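Starting from the structure of chain A, add chain B where the hints point.
From first to last, the protein sequence lines stand for chains A and B. For the first sequence, counting from 1, position 39 maps to 39 in our numbering; every step adds exactly one. To convert, take the position in the second sequence, counting from 1, and add 1000; that gives our numbering.
Everything labelled a hint here was simulated from the structure, so no lab data went into it. There may be inaccurate statements among the hints.
Stated by the list, open to error - If the Cβ cut is set under 8 Å, some of the chain B residues that face chain A in the computed set are:
hint, residue
1, I1229
2, E1231
3, H1238
4, P1318
5, R1319
Since the structure is predicted, the reported quantities are computational estimates derived from the model, not experimental observations. Ideal Cβ positions, reconstructed from N, Cα and C, are used throughout, including at glycine.
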Amino acid sequence: MTAPGQAAADTSAEPLLEVRDLKVSFRTEDGTVRAVDGVSLSLAPGETLGIVGESGSGKSVTMLSVMRLITDPNARFEGEVRYKGRDLMQLNRDQIQGVRGAGISMIFQDPMTSLNPVYRVGWQIEEQLRAHQQLSKQAAHARAIELLAAVGIPHPAQRVDDYPHHFSGGMRQRVMIAMAISCNPDILIADEPTTALDVTIQAQILGLIRKLRDDFGTAIVLITHDMGVVADLADRIAVMYAGRIIEQGTRRDIFYDARHPYTWGLLGSIARLDRPKPRRLTTIPGLPPSLLRLPKGCAFGARCPHRFGLCDERPELLDKVGDGHLDACHLDLKQKEDLRETTIHPELIEEAK
Amino acid sequence: MLTFIVRRLLWTVLVMFVITVVVFIIFFKTPGVDPARAIAGRNPNAQTLAEIRAQFGLDRPLPVQYGLMMKKIFITRDLVSYSNQGVRVVQEVFAATPATLSLVFGAAVLWVVLAIAVGIAATLFRGTVFDPLLMVVALVGISAPVFWVGQIANMITQGTLHGTFLFSWVPPLGYTPFTQNPALWFKGLVIPWITLSILYIGFYGRVLRANLLEVQNEDYIRTARAKGISERRVLLRHSLRTSMITFVSLFGLDFAVLVAGGALLTEVVFGIHGVGYLTWQALTNLDLPTIMATTIYGAFFIVLINAIVDIGYAWLDPRIRPT
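Pulled out of the complex, with its shape left as it was, chain A reads as follows:
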């Protein structure tokens, strides 16, 4: 792993986006589902923030809420999302439309279904351009071709008139990215951008995102369940579990100095070539708690191998050392350091025996 390069952002600057105590819940027949339960995040200009967690941990819901893209009438939102001096949660429909696609844009998990099948890709890019900029049809078309070229689509002048079904999955994701960056947004939210793609294509798309970040200085929020993806790209990482952030720090903090047993579990589940080969990858036993009935104490408690008495109380996300590395676990720092390696790599214990 290389040290963060010039892409590493100046985190001390005024945040570009700041989420404060965001709560999202859905009323269902069985009760209230707390999908996001008090998430606070900040994103500096040009920074890449990785949000990691398993399905249902609330990572996508958090960012969809920032974009106000959740239309479910049963959803309830609380909290604040500051962007350019405004609270996005309070904007009216016209105002939020001015932010979407222009200031903040988003790409999604499944490129096969994310483009409208009945319109040419060029048309779809032009539609976004013309929604935010005063452009003639011809100018928008020319710009769409430029954008397709920028995301590495061969023969863009011809491809611009093709329909989405003429493109492969990787190419469609490139079209989505071209659309997302069409209005030079400050922030690009990528919601599992490579999950639905082949491994070789995944690397290409991540490379493209990295290139765009370096070329245009776009801040990126990268939502993923794949530790490998954030290891590559993120300056900072937030780990989510059951609707909350349970650990947050720089990429170095998370990969070399993780302080939450759940993060250890995630790290243990990565297949690594630079370590002795384990007999099998570590898994985290059990399942995440139901978001309908979250436990009183630590949400990870039931699955945690290091659970103790204090865990019946919910731990707060705190910076206990004062180094900007936050975690929500009652273990003290010494215990964490002792337990970490053996939890991530249980085969080390076996070897010791």
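Frame of chain A, contents of chain B only:
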């Protein structure tokens, strides 16, 4: 696209040929039925029967019989009705076509416009009482039989309320050709149009609402929103556009069936002498030549309009366009 259209039309010709064969076999070769007797209508005399046998070549091989029949329908067009004293059947069907087309076209315009309005309104008012209310009204519209609605409409507009300012403009039952008096043509068709379209407005409105709501959850609608375009544009250019694919294929079938004589009940109730009315008359008189002509006419229309719908479908949905 052009080769697709040509291929589709050639296919249509083939289907039409198969239909004529099937219709011919059903009418002429149903076991236990003497086609001469069937053609001759009620109580024929021996001389008429002999005449028919000679004319239709009923003692000759089957392909010859088929050929003679098709010649009478398509080339010489001298197929005559026996129960209706020598009326030329093909000409009669063609003469009845403008009335049917007037009725069905007008009703179709009404039902497409109003069904889209109902579908969109129900989607926009989702979550309020207005949506389920609209759907119940639509369901009532679907459930009301067209002949009953027609009779009630007649009772009101021709009877009880005809004297009042509300319906004094409604002319007596019947059809006035457009070329004869456009104003009267229009006035005479307003009530039939409404009557015929009620069922379809309800049905299409509900289908469109279901489609629109289904499309709302599609990823590309979320993408459209994420682009920052207006909700109105998301609805009209994205949701409605893709929802119309189902709508159009349904429309093609229903429209074709109605033009083919399916508006029979409406035509009979309002005394509009269209193809449906003709079929109804022929059925009550056991007038086989007329029934045969209207059947083939109807089948042709359905096949032809289906071809047009397929072409329109390819225009709406680029995924099925051949490349």
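Inset, instruction - Would you list, in rising numerical order, the hints stated earlier that this structure does not obey? - result: Of the numbered hints, all hold.
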